[in-house]
Amino acid sequence: MLLHRLTDFARREPTTALLAPVFIIALFAGQVLGVSAPATLLARAAIFAIAALSLSFILGQGGMVSLGHAAPMGLGAYVTLSLSMLGFKDLLGVMACAFIVGALFSALTGLIALRTRGVYFIMITLAFAQMAYYAMSSLSVFGGTDGIALPLRSTLFGWPLLRSDSATALLALGLLAALFWGLSRVTRSRFGMALRASHLNEARFTALGFEPLPYRLMAYSFAGGISALAGVLLANLTDYIAPSFLDWHRSGELIVMVVLGGVARPFGAILGAFALIYLESLLGGLTQYWNLALGLILLAIVLARGRFERTARIAP
Amino acid sequence: MSEPVLAIRDLCKNYGALRVTDHVSLDVHEGEIHAIIGPNGAGKTTLIAQIAGALHPDSGAILLSGKDISRLSPAARAQRGLARVFQISSLIAPFTALENVALAAQARFASSLSFWRAASADRDLVTRAQTALATVGLAARAQTRAASLSHGEARSLEIAMCLVQQPRLLLLDEPMAGAGPEETRELTRVLLGLKGKIAMLLIEHDMATVFALADRLSLLVGGALAATGTPAMMRHDPEVRKAYLGDFAP
Chain V
1 MLLHRLTDFA
11 RREPTTALLA
21 PVFIIALFAG
31 QVLGVSAPAT
41 LLARAAIFAI
51 AALSLSFILG
61 QGGMVSLGHA
71 APMGLGAYVT
81 LSLSMLGFKD
91 LLGVMACAFI
101 VGALFSALTG
111 LIALRTRGVY
121 FIMITLAFAQ
131 MAYYAMSSLS
141 VFGGTDGIAL
151 PLRSTLFGWP
161 LLRSDSATAL
171 LALGLLAALF
181 WGLSRVTRSR
191 FGMALRASHL
201 NEARFTALGF
211 EPLPYRLMAY
221 SFAGGISALA
231 GVLLANLTDY
241 IAPSFLDWHR
251 SGELIVMVVL
261 GGVARPFGAI
271 LGAFALIYLE
281 SLLGGLTQYW
291 NLALGLILLA
301 IVLARGRFER
311 TARIAP
Chain E
317 MSEPVLAIRD
327 LCKNYGALRV
337 TDHVSLDVHE
347 GEIHAIIGPN
357 GAGKTTLIAQ
367 IAGALHPDSG
377 AILLSGKDIS
387 RLSPAARAQR
397 GLARVFQISS
407 LIAPFTALEN
417 VALAAQARFA
427 SSLSFWRAAS
437 ADRDLVTRAQ
447 TALATVGLAA
457 RAQTRAASLS
467 HGEARSLEIA
477 MCLVQQPRLL
487 LLDEPMAGAG
497 PEETRELTRV
507 LLGLKGKIAM
517 LLIEHDMATV
527 FALADRLSLL
537 VGGALAATGT
547 PAMMRHDPEV
557 RKAYLGDFAP
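Respectively, the protein sequence lines represent chains V and E.
Counting along the first sequence from 1, when you hit position 55 you're at 55 in the working numbering, and nothing is skipped either side.
Here the working numbering runs 316 ahead of the position in the second sequence, where the first position is 1.
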């Protein structure tokens with residue numbers, strides 16, 4: 001009976017079913033298996049969850065599949081680096097600057113990208129992100145392709161809060177919770193209803209008198225700003241900033257996180273981010289071929305969900 | 317005489333050598349229901365699409381209350397008071413009936429730059445939406461998802477979404493299409509209730525509906541206007557008979 005309930009649950013919620021044991025193993029047996037310290041791992045997962053959540057918002061609500069969402073995130077890290085090099089490390093100030101840079105990048109690239117739809121949009125977002133990647137790689141002051149260490153970690157009102165990874169993790173979790181709550185309110189607001197409608201039925205949306213572009217652009221820019229905030233925290237966590245932060249592989253990982261957790265529900269992105277980060281770490285500690293193992297697991301999850309959704313649609 | 321709500325002047329559209337709209341000129345007066353009839357392939361839906369802004373004519377002008385809207389996007393035309401009921405019901409499927417109508421009201425009466433307050437808490441929009449739903453007889457179905465509505469209810473919902481915007485002109489593309497006898501009676505009742513209050517341009521095949529509702533009829537054949545007149549006149553018009561019954565008309 002219990003076994004039947006469990007397999008049913010696993011089929012309905014493959015990501016959660018997988019994440020629970022992985023999380024527990026990583027928590028208790030982590031040290032033995034060579035997995036990163038719990039606090040570092042938690043902070044990393046929460047940071048990527050912030051970026052993934054902002055992507056899930058524009059993807060799920062607005063239908064904007066961006067394959068360049070790592071770009072504003074990386075730019076946020078580079079803003080942190082630049083300000084740190086100039087001796088400025090107040091966290092709130094750094095975050096404000098990073099948000100503006102991330103939002104501006106998304107707004108300017110969005111003005112062009114959002115005039116396209118579907119595959120063309122995906123390609124253009126990828127192209128812009130790659131442009132940013134190469135731009136950062138070419139700057140020798142930032143160490144070129146190798147990257148550079150962060151001179152000074154950000155402080156909160158002078159307090160070296162981010163010196164410990166546990167504190168960073170707590171801050172990231174707090175920001176994540178605030179973002180989740182905020183986005184759930186935006187989704188139900190008049191703006192949120194309009195954004196969703198623009199994606200669900202564009203013909204009816206315009207026939208009612210709405211122009212789609214302003215809504216998409218606002219959401220897209222906001223998501224870019226949020227992603228940059230995640231970048232600030234990531235820079236503080238890794239203490240090292242490299243162009244790889246903006247690489248299209250990172251953008252792809254963010255998409256995987258969103259899809260893994262389930263596009264339909266907002267919490268999905270958080271689930272997917274935690275699942276991917278923890279899986280990567282655990283598998284990395286277990287085998288040299290962790291990439292292969294990860295790929296197979298992702299495949300299994302997606303297939304399981306596909307099968308469940310098919311049967312769910314047939315059954316009344 | 318006051319200015320017509322809609323004036324189409326010498327509208328032309330060709331797809332290569334095919335004339336889909338052939339120098340069409342017609343108007344719709346305040347409070348008038350003007351029906352367009354004609355055999356399949358006559359270019360009726362293409363005409364509606366050009367008026368709505370979804371298609372661009374090759375030449376000619378479209379005037380809404382005297383203002384040229386020929387260059388405006390569909391959204392801009394909607395903001396000027398044009399509302400459209402599509403040939404196949406076009407709704408926001410996962411939204412409830414109330415949410416659909418509230419969104420329509422939002423387009424006209426509220427700013428969408430509201431990010432915090434729940435749309436469902438906006439009393440003005442909700443009241444307007446409820447009133448519109450009551451007018452089309454869908455008050456009891458307000459909380460039902462649009463995807464779960466019956467075909468006739470979906471049609472009524474679309475009409476409610478148009479009504480709540482208090483449009484100058486309502487474009488209806490075959491509102492009775494796919495509706496059974498009961499649904500047709502209900503929709504006709506709703507439209508009759510609006511007769512004289514809103515100007516309407518209506519495409520319809522169902523002759524009973526057309527004669528019950530229309531103040532004027534226009535016959536479109538092969539992209540061109542073959543005849544115009546009151547229902548009484550058109551009933552006996554040889555062109556109408558020829559269009560529907562062929563050359564074997566008595």
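To be clear, the hints were calculated from the coordinates, so they are not data collected in a lab.
Just so you know, these numbers come straight off a predicted model, no measurement behind them.
Some clues are possibly wrong.
As the list claims (entries may be wrong) - Residues from chain V that face chain E, not an exhaustive set, calculated with beta carbons under 7 Å:
{"id": "1", "residue": "R117"}
{"id": "2", "residue": "D146"}
{"id": "3", "residue": "L175"}
{"id": "4", "residue": "A177"}
{"id": "5", "residue": "A178"}
{"id": "6", "residue": "W181"}
{"id": "7", "residue": "L200"}
{"id": "8", "residue": "A207"}
By construction, the Cβ of each residue, glycine as well, lies at the ideal position given by its N, Cα and C atoms.
Which of the listed hints are broken here?
-> 1, 2, 3, 4, 5, 6
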